[in-house]
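Trainee: Construct the entire structure; sequences and hints are all you get.
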Amino acid sequence: MKKVFVALVSLVLIVTLFSGLGLAKEKLYIPVISKGFQHQFWQAVKLGAEQAAKDYNVEITFEGPESESQVDKQINMLQTALSKNPDALCFAALDSKAAIPLLEEAKAKNIPVVGFDSGVDSDIPVTTAATDNVAAAAYAADKMAELIGYEGEVAVIVHDQTSRTGIDRRDGFVNRIKEKYPKIKIVDIQYGGGDHLKSTDLAKTIIQAHPNLKGFFGANEGSAVGVINAVTELNMIGKIVVIGYDSGKLQLNAIRSGLMAGAITQNPVGIGYKAVEAAVKAINGEELPEVIDTGFYWYDINSIDSSVIKPLLYE
Amino acid sequence: MNNKVVKTKNEVIQKRSLLRSDSKQKLLTFSSLIVMFIVFSLASPNFATFNNIVGILLSTAVNGVLAVGVTFVIITAGIDLSVGTVMTFASVMTGVFIAFWNLPIIFGILGGLAAGALCGFINGSLIAKMKLPPFIATLGMLMMTKGLSLVISGTKPIYFLETPVFRKISMGTVFGIPNAVLIFFAAAIIANFILTKTVLGRYTYALGSNEEAARLSGINVDAWKIAIYTLGGLFSGLAGVMMASRLNSAQPALGQGYELEAIAAAVIGGTSLSGGEGTILGTVIGAFIMSVLINGLRILSIPQEWQTVIIGAIVIMAVYADIIRRRQR
Chain A
1 MKKVFVALVS LVLIVTLFSG LGLAKEKLYI PVISKGFQHQ FWQAVKLGAE
51 QAAKDYNVEI TFEGPESESQ VDKQINMLQT ALSKNPDALC FAALDSKAAI
101 PLLEEAKAKN IPVVGFDSGV DSDIPVTTAA TDNVAAAAYA ADKMAELIGY
151 EGEVAVIVHD QTSRTGIDRR DGFVNRIKEK YPKIKIVDIQ YGGGDHLKST
201 DLAKTIIQAH PNLKGFFGAN EGSAVGVINA VTELNMIGKI VVIGYDSGKL
251 QLNAIRSGLM AGAITQNPVG IGYKAVEAAV KAINGEELPE VIDTGFYWYD
301 INSIDSSVIK PLLYE
Chain B
1 MNNKVVKTKN EVIQKRSLLR SDSKQKLLTF SSLIVMFIVF SLASPNFATF
51 NNIVGILLST AVNGVLAVGV TFVIITAGID LSVGTVMTFA SVMTGVFIAF
101 WNLPIIFGIL GGLAAGALCG FINGSLIAKM KLPPFIATLG MLMMTKGLSL
151 VISGTKPIYF LETPVFRKIS MGTVFGIPNA VLIFFAAAII ANFILTKTVL
201 GRYTYALGSN EEAARLSGIN VDAWKIAIYT LGGLFSGLAG VMMASRLNSA
251 QPALGQGYEL EAIAAAVIGG TSLSGGEGTI LGTVIGAFIM SVLINGLRIL
301 SIPQEWQTVI IGAIVIMAVY ADIIRRRQR
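Note that the protein sequences, when read in sequence, are chains A and B. Under the numbering used here, the first residue of the first sequence carries the number 1, and numbering increases by one thereafter. Under the numbering used here, the first residue of the second sequence carries the number 1, and numbering increases by one thereafter.
Everything labelled a hint here was simulated from the structure, so no lab data went into it. Treat each hint with caution, since some may be false.
Said to hold, decoys possible - 30 Å max Cα-Cα, derived DSS-like pairs, lysine-lysine:
{"no.": "1", "chain 1": "B", "residue 1": "K168", "chain 2": "A", "residue 2": "K84"}
{"no.": "2", "chain 1": "A", "residue 1": "K73", "chain 2": "B", "residue 2": "K168"}
{"no.": "3", "chain 1": "B", "residue 1": "K156", "chain 2": "A", "residue 2": "K198"}
Mentor: Shown next as structure tokens:
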């Protein structure tokens, strides 16, 4: 028993020692609190944030809850970050309203808050670094129209109907089709929670229910992978135009093999980079625009390995 | 093999009276907590600040209440996997009462508590009357409450923006300490009283030590089992109300995963998964070990992936320490 106790204590001590090495002395400290962590998209955001930290010689930490439902975990992370008296804070809120009291605390302490990705629904952040998802999804709609010949049936799978990105991408795509392409009909919009398996089942059902389906749009990585799986399992490759969003190995493979016509990619590395950069500028008292558009790109089999696109994609 | 199990259970019964004087385990876990606290304080000036300690207390409160509730069930040699989603269900029901139906806040609180207790009652009935294994019965309840929370809320968070007083339940303060923390401590004290001073508490240990012996000695095992699961559900309901108040919203997608953290806290605190052993104080310390560790590692800017590894290692070591202790007796 004593041994175990000693082991426990020494573990904690070792951990402390290690972290002591990492603790910066005089650098500015900016915690980055994202909406997720292990998902490839967030790892790419993290990469960008770390790059900016290096370029501007500041210290960052990057944290996010394991799933996008863990609002309270994110609040705890935010609270701990504030305890460290940071110089600025980058934050992508899961639920802006739940975070307001802590953000007000940050404001009272004169800690500038920079929103990123879906940002923070409040006037506290000095700026927000994000993709214009409405414009990006509308662009996907234009591409879809072009590829199916401006008429026919189209279906959509979205990750959810509650998050900002889900709503924006759905509305961006659907509204563009309705406004500009009267001969295209959206036959179904379903929500798969970004879950590969669930989205696959949904996509299969939709394809079977609509035999004349000409195009399918998956509004995030999980949804797009679902559509890819469904099209493969039902032997419909080449018969349905598939358009995806973000990247990930499965989507990239599908584009390379010709199963998927193309996809929209955000600039996750740029989101992370711009967020930390904006935080540094805010600390220095520089003027910042209300929104920093981090841009989006269309990529397909021809451009997937180009020097512009390649750095934005993740496996 | 069977003989051995019976033997250890009998031993446990014999030693039950000694259990409360046996404070070795508690001392061990408590000193681990203190050592952690000292180490983190030395390592970072930002750890032992008033604000951060309040932050730790606050992040322990909801999980702590869940862990206290599940401790009762684990002592009976049962398990409750539904505590996290029952908590969510209770917070959604609180939202329905207050934000949808505009009832006074007190009805929202009582409604949340009742929803939790009802789920516990159903769990208990499934296990005691229909003889479902606790693992299965509460797994079913986990899924049902998870789904119902989404159905009832329309998959959207329910906000308490019209009733700013509601937020005070968790976030009002007394001398700078948030109410949620005080509620947690009060709940733990009451739970401790129930477990050590009442018939319900005595039978909780009796069921876990040897259910058959309890039945033969004339205890209405089924009824008490239902009562214990209902009590566990009531604590989940309380956690739900606290969570809703803390977030100023009922978050219907939240909850899964909390059951494992609650069970881990109870086990770190010396509650035996084979039943018959465990204390509320132990569980409270266990819950604090988890949250101090998470907070401290975050304060020290340990990468997140390593935080998880370290916490996993601590859980294993804590349970191993418990096994060693048992062998020594």
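Trainee: Indicate, hint by hint, whether the structure satisfies it.
Mentor: Structure-based check of each hint:
1. B/K168 x A/K84: holds, 26 Å
2. A/K73 x B/K168: The given pair, whose Cα atoms are some 20 Å apart, holds under the 30 Å limit.
3. B/K156 x A/K198: Distance ~20 Å between B/K156 and A/K198 Cα, so the pair holds.
The structure meets every hint from the earlier list without exception.
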